[in-house]
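Engineer: Now for the letters of each chain:
Number of protein chains: 2
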Amino acid sequence: MALPFDRVALIGIGLIGSSLARVIRRDSPRTRIVACARRAETLAAVRRLEIADETTDDPAAAADGADLVVVATPLSAYAGIARAIAPTLMDGAILTDVGSVKEAAIRDLSPAVRAGVHLVPGHPVAGTEHSGPEAGFAEMFRDRRCILTPLPDADREAVAKVTALWQTAGMKVVEMPAEHHDRVLAMTSHLPHLIAYTIVGTATALGDDLKSEVIAFSAGGFRDFTRIAASDPVMWRDIFLNNREAVLDVIQRFSEDLTALQRAIRRGEGETLEAWFTRTRAIRRSIIEAKQA
Amino acid sequence: MALPFDRVALIGIGLIGSSLARVIRRDSPRTRIVACARRAETLAAVRRLEIADETTDDPAAAADGADLVVVATPLSAYAGIARAIAPTLMDGAILTDVGSVKEAAIRDLSPAVRAGVHLVPGHPVAGTEHSGPEAGFAEMFRDRRCILTPLPDADREAVAKVTALWQTAGMKVVEMPAEHHDRVLAMTSHLPHLIAYTIVGTATALGDDLKSEVIAFSAGGFRDFTRIAASDPVMWRDIFLNNREAVLDVIQRFSEDLTALQRAIRRGEGETLEAWFTRTRAIRRSIIEAKQA
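Quick mapping for you: the protein sequence lines, in order, are chains C and R.
Reading the first sequence from the start, the letters are residues 51 to 343 in this note's numbering.
Reading the second sequence from the start, the letters are residues 51 to 343 in this note's numbering.
Just chain C, same shape as in the assembly (with noise of 0.2 Å):
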């Protein structure tokens, strides 16, 4: 079924935004579509890659004409692509976007937001570690969640095609308020990365010696972490200073975790531990029930 967009700008074309591309040509071939990138090299992948009809480092371009606009750049980007689209998006325009932080991206976006042309914004909950427009498939989405959140006075027809986007590309879609999204993530997301990407510090901390041992014997549950701490640093970055609040809060809850089963392991208490381990094994049977695992 073909998508109800005629033309497409991407702006910011890495791992997400290149999967999007494969899907709209897969499932819709006649939906023109625009690759927008700051870097020559990304933009020479593209072409390569012959996922996109044409390509430009000019945002105000890409958008010009589009009946979609897609952002999918790291965080930090959005306040200054929506300064320059905002002259150039045509009435009847939906912008949306695929950032991990949902009051950010509201924030951010909202000045390009004029009447007659529609924000709804969105969260494919989907990845790899890998990042650019080499490391994108089609099948990435499949199965996974997409949260929109569009504000309560969003108009309803373009909710609808956005919704249609990401179901073609395989996704289960719900909506929910931007301030819960940023809750949910930075429990399910952002604290798991931080976690991670911390640990794997920790251990590069360590003496050269012990270092390369570390990554002899990853197999113990190591590799695990560094897989995600391989994800992009930039977007990474991005999403702990664009969800400051919420991550923080999960931070302290997961600390104060950690130094309760601290202190078991220090005083010996094996019934506490045995106790709490039983119980997170619940939590994976729950989602192996969900399909998500």
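Take these hints with a grain of salt, some might be off.
Pairs involving identical chains hold if they fit within one copy or between any two copies, as the list cannot separate such chains.
To be verified - Pairs of lysine-lysine residues, derived as DSS-like cross-links and limited to a Cα-Cα distance of at most 27 Å, are as follows:
hint: 1; residue 1: Lys-341; residue 2: Lys-211
hint: 2; residue 1: Lys-211; residue 2: Lys-222
hint: 3; residue 1: Lys-222; residue 2: Lys-261
hint: 4; residue 1: Lys-222; residue 2: Lys-341
hint: 5; residue 1: Lys-341; residue 2: Lys-261
hint: 6; residue 1: Lys-211; residue 2: Lys-261
Since the hints were made in silico from the structure, they are not lab data.
Let chain C serve as the given structure and place chain R on it in line with the hints.
Structural biologist: Below, chain R alone, put in the same frame as chain C:
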């Protein structure tokens, strides 16, 4: 190539023990395998799976006449097993184990080691989050590392035979002192597991509404932690209780690093975050180059 063992006693036949049984079955079919477990259901599963020639719930009977005895239970069972098998271990028998803490393994198994019995402590660094004999598979050890921690006066022929066993399973075998093993694994395995148990516990302590959303949106990073936090509770309780000092040391280092990142987030220090996250990416590349990814 047949293994240099006529009769192998596997005391404990969960994920690791049953995987080893499958390796021996596959590559040394004339070696007789005796499986020992406390629970009747476990022994019934072993018979159903046809991965042992004999089953028993009596460690002394299992060890009787065995030229190789492999202890593959949680660490808390070691001392009792050592007491039980001491009278039946035959002259020339090799006693080894697969436990994750080697100083404790040596401490608890040594009482069974009289002159003519050879202790070769071992740790195949491999596994999954699943438990029990059904979860095992012969290929689990392939291309992973196995660490042996023989004492300085160990019988080299016995060490060579245990080395051959794990090489048959596809492992790269290295030797190091037990104390050093325990420090390395505290970082690469014990701390990652504790962190995963902690964060999954932190999530389960959220209100019910938020909890179901944590499950639905776990693909953002959380689900990798839930996999690790589904590991066997008793096995992990015993690891933390038996590697206490080394684990408490790495928890302390980790907590200091987390506090530093927390502070950077609170103060909005983007450069600190980006520099940290860029550094951790390099470790991932090293692990991929070491073919441990």
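Engineer: Now look at each hint and say whether the structure bears it out.
Structural biologist: Verification of the supplied hints:
Taking the shortest Cα distances, Lys-341 and Lys-211 sit within 27 Å of each other inside one copy (26 Å), while across copies they are farther apart (44 Å). For a Cα distance limit of 27 Å, the shortest separation of Lys-211 from Lys-222 inside one copy, 14 Å, qualifies, whereas the shortest one across copies, 54 Å, does not. When the C-alpha separation of Lys-222 and Lys-261 is checked against a cutoff of 27 Å, the pair qualifies only between copies, where the shortest distance is 18 Å, while the shortest distance within a copy is 42 Å. For a Cα distance limit of 27 Å, the shortest separation of Lys-222 from Lys-341 inside one copy, 12 Å, qualifies, whereas the shortest one across copies, 35 Å, does not.
In this assembly of identical chains, the alpha carbons of Lys-341 and Lys-261 lie at most 27 Å apart only when taken from different copies (16 Å versus 36 Å within one copy). Taking CA atoms no more than 27 Å apart as the test, Lys-211 paired with Lys-261 passes in neither setting, with 50 Å inside one copy and 29 Å between copies.
Violated hint for the displayed structure: number 6, the only one.
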